[in-house]
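K.L.:
First to last, the sequence lines map onto chains A and B.
Read left to right, the first sequence gives residues 4 to 316 (the working numbering).
Read left to right, the second sequence gives residues 14 to 438 (the working numbering).
No wet-lab data here; the hints were simulated from the structure.
A couple of the hints might just be wrong.
Straight-line C-alpha distance at most 30 Å; calculated DSBU-like pairs for lysine-lysine [claimed, not checked]:
(1) Lys116/B with Lys188/B
(2) Lys116/B with Lys44/B
(3) Lys92/B with Lys423/B
(4) Lys66/A with Lys188/B
(5) Lys66/A with Lys335/B
(6) Lys161/A with Lys330/B
(7) Lys42/B with Lys92/B
(8) Lys244/B with Lys66/A
(9) Lys423/B with Lys42/B
(10) Lys423/B with Lys44/B
(11) Lys244/B with Lys423/B
(12) Lys244/B with Lys92/B
(13) Lys219/B with Lys423/B
(14) Lys188/B with Lys42/B
(15) Lys219/B with Lys78/A
(16) Lys92/B with Lys116/B
(17) Lys92/B with Lys161/A
(18) Lys244/B with Lys42/B
One side only, chain A facing chain B, incomplete, derived with CB under 10 Å [stated by the list, open to error]:
(19) Pro71
(20) Lys161
(21) Lys162
(22) Gly166
(23) Ala205
(24) Trp214
(25) Gly215
(26) Trp218
(27) Arg219
(28) Gln278
Where a beta carbon is used, it is the ideal one built from N, C-alpha and C, also for glycine.
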Amino acid sequence: MNPARHVHNKQRFPFHILVFLAPAVIIYTLFMTYPLVDSLRLSLYTSDQYGNETFIGLDNYRKLMTDPLWEPRLKGAILNNIEFFAIHMFVQNPIGLLLAALLSSPFIRGRAIYRTLIFTPTVLSVVLIGFIWSIILSPLWGISGDFLTSIGLEQYAKKPWLGLESTALPTLSLVSVWQWVGIPMMLFLAALIAIPDELIEAARVDGATAWGVFWRIKFPLILPTVGIVGVLTFVGNFNAFDLIYTTQKVNAGPNFSTDILGTFFYRTFFGQQLQPGNPTMGATIAGVMFLIILAGVLLYMFGWQRRVAQVEL
Amino acid sequence: MRKFAALLVILALVVAFAPTVSQTQAQGKVKLVIESWRNDDTVLWEDVIIPAFNAHYPDIEVTFVAPPPAEYNAALNAKLEGGTAGDLITCRPFDLSLDLFNKGYLLSLNDLPGIEHFGDVARSAWITDDGSDVFCVPMASVIHGFMYNVDIFEELALEVPETEAEFFEALQTIKDAGYIPLAMGTHDLWEAATMGYQNIGPTYWKGEEGRLGLINGTVGYNEDGFLEAFKVLARWAPFLPDGYQATTYSDAQNLFTVLEEAAIYPTGSWEIGVFGLMNPDLNMSAFKPPVVNEGDTCYISDHVDIAMGVNAASPHKEEALKFLEWMTTQEFAQIYSDALPGFFSLSDHELTLENPVAQEFISWRGQCETTIRSSYQILSRGEPNNENDLWLYSAEVLNGTLSPEEAANKVQEGLANWYEPQMNR
Numbered sequence: 004m005n006p007a008r009h010v011h012n013k014q015r016f017p018f019h020i021l022v023f024l025a026p027a028v029i030i031y032t033l034f035m036t037y038p039l040v041d042s043l044r045l046s047l048y049t050s051d052q053y054g055n056e057t058f059i060g061l062d063n064y065r066k067l068m069t070d071p072l073w074e075p076r077l078k079g080a081i082l083n084n085i086e087f088f089a090i091h092m093f094v095q096n097p098i099g100l101l102l103a104a105l106l107s108s109p110f111i112r113g114r115a116i117y118r119t120l121i122f123t124p125t126v127l128s129v130v131l132i133g134f135i136w137s138i139i140l141s142p143l144w145g146i147s148g149d150f151l152t153s154i155g156l157e158q159y160a161k162k163p164w165l166g167l168e169s170t171a172l173p174t175l176s177l178v179s180v181w182q183w184v185g186i187p188m189m190l191f192l193a194a195l196i197a198i199p200d201e202l203i204e205a206a207r208v209d210g211a212t213a214w215g216v217f218w219r220i221k222f223p224l225i226l227p228t229v230g231i232v233g234v235l236t237f238v239g240n241f242n243a244f245d246l247i248y249t250t251q252k253v254n255a256g257p258n259f260s261t262d263i264l265g266t267f268f269y270r271t272f273f274g275q276q277l278q279p280g281n282p283t284m285g286a287t288i289a290g291v292m293f294l295i296i297l298a299g300v301l302l303y304m305f306g307w308q309r310r311v312a313q314v315e316l
Numbered sequence: 014m015r016k017f018a019a020l021l022v023i024l025a026l027v028v029a030f031a032p033t034v035s036q037t038q039a040q041g042k043v044k045l046v047i048e049s050w051r052n053d054d055t056v057l058w059e060d061v062i063i064p065a066f067n068a069h070y071p072d073i074e075v076t077f078v079a080p081p082p083a084e085y086n087a088a089l090n091a092k093l094e095g096g097t098a099g100d101l102i103t104c105r106p107f108d109l110s111l112d113l114f115n116k117g118y119l120l121s122l123n124d125l126p127g128i129e130h131f132g133d134v135a136r137s138a139w140i141t142d143d144g145s146d147v148f149c150v151p152m153a154s155v156i157h158g159f160m161y162n163v164d165i166f167e168e169l170a171l172e173v174p175e176t177e178a179e180f181f182e183a184l185q186t187i188k189d190a191g192y193i194p195l196a197m198g199t200h201d202l203w204e205a206a207t208m209g210y211q212n213i214g215p216t217y218w219k220g221e222e223g224r225l226g227l228i229n230g231t232v233g234y235n236e237d238g239f240l241e242a243f244k245v246l247a248r249w250a251p252f253l254p255d256g257y258q259a260t261t262y263s264d265a266q267n268l269f270t271v272l273e274e275a276a277i278y279p280t281g282s283w284e285i286g287v288f289g290l291m292n293p294d295l296n297m298s299a300f301k302p303p304v305v306n307e308g309d310t311c312y313i314s315d316h317v318d319i320a321m322g323v324n325a326a327s328p329h330k331e332e333a334l335k336f337l338e339w340m341t342t343q344e345f346a347q348i349y350s351d352a353l354p355g356f357f358s359l360s361d362h363e364l365t366l367e368n369p370v371a372q373e374f375i376s377w378r379g380q381c382e383t384t385i386r387s388s389y390q391i392l393s394r395g396e397p398n399n400e401n402d403l404w405l406y407s408a409e410v411l412n413g414t415l416s417p418e419e420a421a422n423k424v425q426e427g428l429a430n431w432y433e434p435q436m437n438r
C-alpha cells in the first residue's frame with residue numbers, strides 16, 4: 004500500500020457516513036431521545052397549583068417508593084404487570100411456537116388460511132378487541148355464558164369475569180394473548196422455515212423421530228428467535244395500557260386489580276374526574292417504567308443474546 | 014425527470030396556498046369551538062342551541078366538540094397546555110375549574126353583562142376561594158333520584174316507596190316477580206358512589222348540615238349519617254343484576270330502557286333526555302330518595318354540575334364573551350332546559366318545563382332540603398382525592414369485599430391524611 008495514499012484517505016472526512024446516518028439520527032433524536040430525556044428531567048421537578056416547576060432531585064422517586072399513598076399503587080402495578088407478562092410469556096409464546104411448528108409442517112392443508120386467520124387479530128384496533136371481548140364476556144348478554152352452558156359448565160355461565168378481583172387480570176391477559184399470539188407465531192414460523200431441509204433429512208435418515216427432530220435440531224436453531232420474542236413480549240407488556248384502559252377504564256378496577264404501570268402512569272399524569280393531573284409524578288412513574296424496561300433489555304443483551312450460539316445456516 | 018420535478022413544485026405550491034384560499038373565503042365569519050364532555054348532547058347543541066344563538070349573531074360560527082366523558086379532563090388539560098384548546102371551555106364544578114383559572118387558562122367573568130342573574134349558590138362552584146373572581150357562567154344542576162318503569166310498577170301493583178322500609182319491600186316484590194329490581198353495576202365504579210351513595214346519602218347526613226360538618230371537621234365519614242348511608246347502600250347488593258360486578262354504566266342503561274328488564278334505575282336527572290332517545294316508548298317516572306320514617310324531612314342532591322368559561326388564550330375572546338353573555342339570558346335558559354330535560358337552569362329566570370319527568374324532578378326542590386355532593390367542595394383537593402375514594406369504596410361495599418364500616422374508615426382515613434380539620438378526629 005502506498006503510504007502517501009493512506010494519509011490522504013485519513014484526511015478526507017467520510018461525509019457519506021453522515022448522510023446515511025442523518026435520517027435515523029435526526030428522527031430518533033427529535034421524536035424519541037429528546038422526549039425521553041425531557042420526561043426524565045420532568046420527573047426531578049415538582050409543580051405548584053399555578054404550574055411553576057421547582058427542582059427537587061430524586062424526591063419524587065423517594066415519594067413513589069415510600070409514601071403510604073403511592074407505594075401500594077406502585078407495588079400493585081408492578082406485581083400486576085409481572086403477572087400480565089408471565090401469562091404472555093408462558094401462554095402466548097408456547098402457543099405461538101406450537102402453532103408455528105404445526106404450520107411449518109408440510110402435511111397440514113390450508114396452512115395459509117390458518118396463518119392469516121390467526122394473524123388477523125393483531126392488525127385490529129385494541130379498542131375494538133376490548134369492546135368485543137367485554138361484550139362476549141358480559142354476564143348479562145355475553146355469548147361466553149351460552150358457550151359455557153353448552154359444554155356443561157353452567158356454574159360459570161354468569162360469572163362476572165371482568166368484575167372480580169381474582170379473575171379480571173388473568174381474563175384480560177388471555178384476551179391480550181388471543182390478540183397477539185400471531186406475532187410470535189410469525190416470528191417462529193419464519194425461523195423454522197429458514198432451517199435447511201438437509202439438516203432435517205439427515206436427522207431422519209439417522210432415525211430421529213419428529214419429536215426428536217423438533218427438540219434436537221429445530222429448537223436449538225431458533226433459540227435466537229426465542230430470545231427476540233421474549234424481549235419483545237417483555238417490552239410490549241411493560242408498556243401495555245390500551246386493553247386495560249378500554250375495558251376497565253382509568254381506575255383499572257375492581258380495586259386496582261388490573262392496574263398495570265401504563266394505567267397507573269396515565270391516571271397520575273392526566274388525572275381523572277376530580278383529581279387534576281400530576282405531570283411530575285406521572286413522569287416519575289414513566290421513569291420507573293423506563294428503568295424496568297432498560298434493566299430487562301440489558302439482561303437480555305448480556306445474559307442471552309451474547310451467549311446463545313448463532314449458527315450460520 | 015424535469016417535468017416530474019416541475020409537477021412536484023406546482024403540487025407543493027397548491028398545497029401551501031390552499032389554506033390561505035379557504036381562509037379568505039371564510040372572511041368575516043369567526044369560528045368558535047366549544048369544548049365539552051357532554052357528547053350525548055352534541056345533536057342538541059348543533060340543531061337547537063347554536064342555531065338560536067346564530068339568529069342573533071349570524072357571523073359567529075360555533076362548533077361543539079365532545080370526547081368521551083371520562084377523557085374530558087385529561088384531554089382538556091393536554092389541549093390547554095399545548096395551546097390547542099377551543100375558545101369556550103365547559104367547566105366541571107369546583108376545583109378542576111378553579112385549577113384551570115389559577116393556571117391562567119380561564120378569563121375572569123366579573124364584568125360579564127348578565128352574570129347578576131346567578132345567585133351565590135349557583136356561583137359557588139365556579140368562584141375563587143376568596144370570592145373575588147367568577148370564571149364560568151353557571152349553566153345547570155342535576156338532581157339525584159330514582160327512575161322507575163311505570164308499566165312494571167302497575168303490573169305488580171306497586172306504590173311509589175316513600176320510606177326506606179317501603180323501598181326495600183318494593184325491591185323484594187320486584188325481585189320475586191322476576192324483574193331486576195335495581196339496574197346498576199359496579200364495574201365503572203362511579204355509579205356506586207354517584208347514583209348510590211350520594212343519591213341516598215343526604216337523607217342520612219341531613220344534607221347541608223352533614224356536608225358542611227365534614228368541611229368544618231365536626232363529623233367524619235365513619236360516623237352518624239355518613240356511615241349509615243354506607244350500611245343502607247350495602248343492602249342494595251342482592252337487588253342488583255346478576256354479575257353486577259362486571260355490569261357497566263351503559264349495560265345498566267340498556268337494562269332499564271331498551272330491554273325494560275329492570276324496574277328501578279338509581280340515577281340523576283341528566284338521564285331523562287338520553288333515556289327518551291334510547292327508548293321513546295318507555296313509560297317512566299321518578300321518585301325521590303326515600304326517607305327513614307314517614308313524615309321525615311326529605312333531602313335531595315341538587316348538584317351544581319356544569320358551566321362555561323372562556324379560554325384565556327382564545328384568539329376570539331370578544332366573540333366568545335358574546336356567546337357567554339347570550340347564555341345568561343332568559344332565552345338560553347328556556348331553550349337549554351327544554352332541549353336538555355334534566356339539566357335545570359341555575360339562573361333566576363322563571364321557567365316552565367315541557368318534560369313531565371323533568372318537572373317531577375324539579376318539583377322536589379320545593380318539597381325537600383337541597384344539598385350538593387359531599388366530596389365536591391374543597392374535600393377533593395388533596396391526595397387521596399375524596400371523590401375517587403368514594404367511587405372505589407362504595408363499589409367495594411356493593412361487591413361485598415369491604416364491610417360498610419371498613420369502607421367508611423378507609424374513606425375517613427384518606428380524608429384525614431391531608432385535610433387539616435379532619436386530622437384530629
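K.L.:
Does the CB of glutamine 278/A sit less than 10 Å away from some CB of chain B?
P.N.:
holds (4 Å)
K.L.:
Is it true that the CA of lysine 161/A sits at most 30 Å from the CA of lysine 330/B?
P.N.:
Not satisfied, since the Cα-Cα distance of roughly 55 Å exceeds 30 Å.
K.L.:
Answer holds if the nearest beta-carbon of chain B is closer than 10 Å to that of arginine 219/A; otherwise answer violated.
P.N.:
Constraint on arginine 219/A not satisfied, violated at 47 Å.
K.L.:
Is lysine 219/B close enough to lysine 423/B, meaning Cα to Cα at most 30 Å?
P.N.:
The hint holds at about 22 Å.
K.L.:
Need the status of pair lysine 42/B, lysine 92/B: alpha-carbon distance at most 30 Å?
P.N.:
holds (24 Å)
K.L.:
Regarding the hint that lysine 162/A lies at the interface with chain B, is the smallest CB-CB distance below 10 Å?
P.N.:
Holds: closest Cβ of chain B sits about 7 Å from lysine 162/A, inside 10 Å.
K.L.:
Next pair to validate is lysine 116/B with lysine 188/B; report whether the Cα-Cα distance is within 30 Å.
P.N.:
Violated - the C-alpha atoms of lysine 188/B and lysine 116/B are around 51 Å apart, more than 30 Å.
K.L.:
Hint lysine 161/A vs chain B: min CB-CB distance below 10 Å?
P.N.:
Check passed: Cβ of lysine 161/A comes within 5 Å of chain B, closer than 10 Å.
K.L.:
Could you grab the alpha-carbon distance between lysine 244/B and lysine 423/B and see if it respects the 30 Å cut-off?
P.N.:
holds (14 Å)
K.L.:
With a cut-off of 30 Å on the C-alpha distance, tell me whether lysine 423/B and lysine 44/B pass.
P.N.:
violated (48 Å)
K.L.:
Once the shortest beta carbon distance from tryptophan 218/A to chain B is found, is it less than 10 Å?
P.N.:
Hint violated; tryptophan 218/A Cβ to chain B Cβ min 42 Å, cut 10 Å.
K.L.:
Report holds or violated for the interface hint on glycine 166/A, using the least CB-CB distance to chain B and a cut-off of 10 Å.
P.N.:
Interface hint status for glycine 166/A: holds (3 Å vs cutoff 10 Å).
Checked against the numbered hints above, the structure breaks hints 1, 3, 4, 5, 6, 8, 9, 10, 12, 14, 15, 17, 18, 23, 24, 25, 26 and 27 and satisfies the rest.
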